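Chains as they are written, first to last, in this note's numbering: chain C, 1 to 339; chain U, 1 to 355.
Treat each hint with caution, since some may be false.
[Unchecked claim] Heads up, simulated EDC-like pairs for lysine to aspartate or glutamate below, C-alpha to C-alpha not over 16 Å straight-line:
id: 1; chain 1: C; residue 1: K303; chain 2: C; residue 2: D217
id: 2; chain 1: C; residue 1: K122; chain 2: U; residue 2: D140
id: 3; chain 1: C; residue 1: K266; chain 2: C; residue 2: D299
id: 4; chain 1: U; residue 1: K198; chain 2: C; residue 2: D69
id: 5; chain 1: C; residue 1: K60; chain 2: C; residue 2: E47
id: 6; chain 1: C; residue 1: K122; chain 2: U; residue 2: E313
id: 7; chain 1: C; residue 1: K124; chain 2: U; residue 2: D140
It should be emphasised that the hints constitute simulated quantities derived from the structure, not laboratory data. Small disclaimer: the values here were computed from a predicted structure and weren't measured.
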Amino acid sequence: MKAPTQATTSAQKASREITFAQAINEALAEEMRRDPRVFIIGEDVAEAGTPFKVLSGLVKEFGTKRVIDSPISEAGIAGIGVGAAMTGMRPVVDIMFGDFITLTMDQLVNQAAKIHYMSGGKLKVPMVLRTTLGATRRSAAQHSQSLHAWLSHIPGLKVAVPSTPYDAKGLLKSAIRDDNPVVFFEDKMMYQLKGSVPAGEYTIPLGVADVKRVGNDITLVATSSMVHVALAAAEALQGAGVSAEIIDVRTTVPLDKEAIIESVKKTTRAIVVDEGYERYGVTAEIASVIADGAFYYLDAPVKRLGAMDVPVPFSPVLEDQTVPTAETVAALAMKLCGR
Amino acid sequence: MFAVPSYDTGLETRNPRLIVASMARPKQSRTKAASALSRDQALHFYRQMLKVRLFEEQVNQLYLGAKMPGLAHLYIGQEAVAVGVCEALRRDDYITSTHRGHGHCLAKGASLDKMFAELLGKAPGYCRGKGGSMHIADQDTGNLGANAIVGGSAGIATGAAMSAKMRGSDQVAVCFFGEGALGQGLLYEEMNMASLWKLPVIYVCENNQYNEYTSYRETTAGEVAARAEAFGIHTETIDGQDVQVVHAKSLAIVERARSGEGPAFLQCNTYRFHGHHVGDIDRSYYRAKKEEEEWKSRRDPVKLLAEWLQKSEMADRKLLDQIEAEIATHIKESVDFALNAPYPDPIEVNQHVYA
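Next up, chain C with everything else stripped away, as it sits in the complex:
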């Protein structure tokens, strides 16, 4: 388990406040300057810089040969990414909405994830596939899902779910340098979120959780957008005299089980919060890790809060009910702590 941190401390020396989108942009630019094998391919990635403007300006520096606008062919560009990665390049494939990874599944699950294993370790697929997750953007059922659990299920893939600009930049740089296929989920609602990011070079290893807040009474294990929900819940809980510790797993694969278990052994209670569907989801996996690793330390059942198991509805009145909120997290935490 990493304390909140040596990286943050040294980083604070020369850090600036930048947005999550800028952090992603900087990570890509730095890696493309560093390594001529890195290129970006996706829909509207070049002049448009994606609908979220995350890639703005990259085409100016790197040209259309390295920032490649593709047809609307998610499976096709994922496949090109796999082939290019196997033959000496380091592609970053941009899949605009996480919902569209369904179209890339054969390439990710049957090809990218298995090629290293099937070839007895001879071939490698150093590819990053960036995509988004997150509801409450009023985008309805096909542009709002958080499907990272699907890919976390597949041996051979790594899955990142960063929650801050600092983590996003450091993790993306590591993902690009990693020799495995990494699926990188960015919460589309967090692109304008600002955070402190050092001006200089740094990376964050995949598979190391981060304690986002130290506490004693309950552990809130969270991913991506839900880290901020957990942080807001922790503020509310503090007012009620409950001290919550927040573990941001940062990557669901590899999962830093040790950090989670150690925290729960200390606090004796846990809620796992994730924006993916609750049923068979990331929350279920992490809850089982806790039950297995900290059973004799628990003073309450491990609870889970995920997205409601319904297609994401359009109407704000309906949609807002489907994702965990600071209020629901805080209320459940109070109950678990007997308050």
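Please build the complex by placing chain U on the supplied structure of chain C, with the hints as guidance.
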């Protein structure tokens, strides 16, 4: 109900426009190609094709003798395609292959002993026994892997071509697939991008006429070649049983691709002599015995080359027999090596999940 082909008159088919993809021999002349082939080359092609043939016959024996786990999809009958195409490639050019891929791997340079070892799940196999018959990969010969998802390697081949272009390596990539892959959307996404970006990739459609147990005529609308032509891709339909034709055409389109003129689509009309896999013995419900006999007796690519070698006085029966005996010995040694090779250590089960 079965279309029994006769290669002079074309096929009885539901769609007369599909005759071009039948056993009917396409119009292209093979004279130039034939005369261009030296004796050494022709004998080398013969050795390569016979190696694939005897390898596959041995695989069938291993299966029948219950010595091989799982299944195998035999390439017998299609040898001229793999050999004709791969002989037009450099060692560092890429191929992607299919579930029916042993021929491609061998034609690209794979060695018999490691092939057999992989098929038997043994440690010295190409993939340390982790891939098996349908996933043989060999980066030393540019083989990016056989793929058990029909059409699944179209992206890999196209991406490899894109990578070659970006790296300025002048390598080309060949994507082998059967006509069954024509039903998969991925292929069209990739052909679109390959054409847009003039990628050095060649899509080799081995039309063996059957999608597993179903005639492709029941699954394929319109004309096959027209599909590739619609993307502005250079397209050829050829006799896939004549290795000289396949080789000559391949040389031309590989050269095109290498010099930056973009992708090509090569439809090779061929025939799968055996079933979809080794266990597919009773085939009468989907194709006539007579049709199989016609192809085997009149359109066997190995026999056709042997006849041509003799007719053109490049080899006599004695030499051909001698070649066959040499290859048979090599096969025997290789299969013995594989049968006696150790299985992987059980601890390897969770190795190579991540690089």
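Comparing the hints with the structure gives:
1. K303/C x D217/C: Roughly 14 Å between the alpha carbons, so the hint for K303/C and D217/C holds.
2. K122/C x D140/U: holds, 10 Å
3. K266/C x D299/C: Answer holds: K266/C to D299/C is near 11 Å, not above 16 Å.
4. K198/U x D69/C: Roughly 15 Å between the alpha carbons, so the hint for K198/U and D69/C holds.
5. K60/C x E47/C: With Cα atoms ~8 Å apart, K60/C and E47/C stay inside 16 Å; holds.
6. K122/C x E313/U: violated, 44 Å
7. K124/C x D140/U: Holds, at about 14 Å.
In terms of the numbered hints stated before, the structure departs from hint 6 and from no other.
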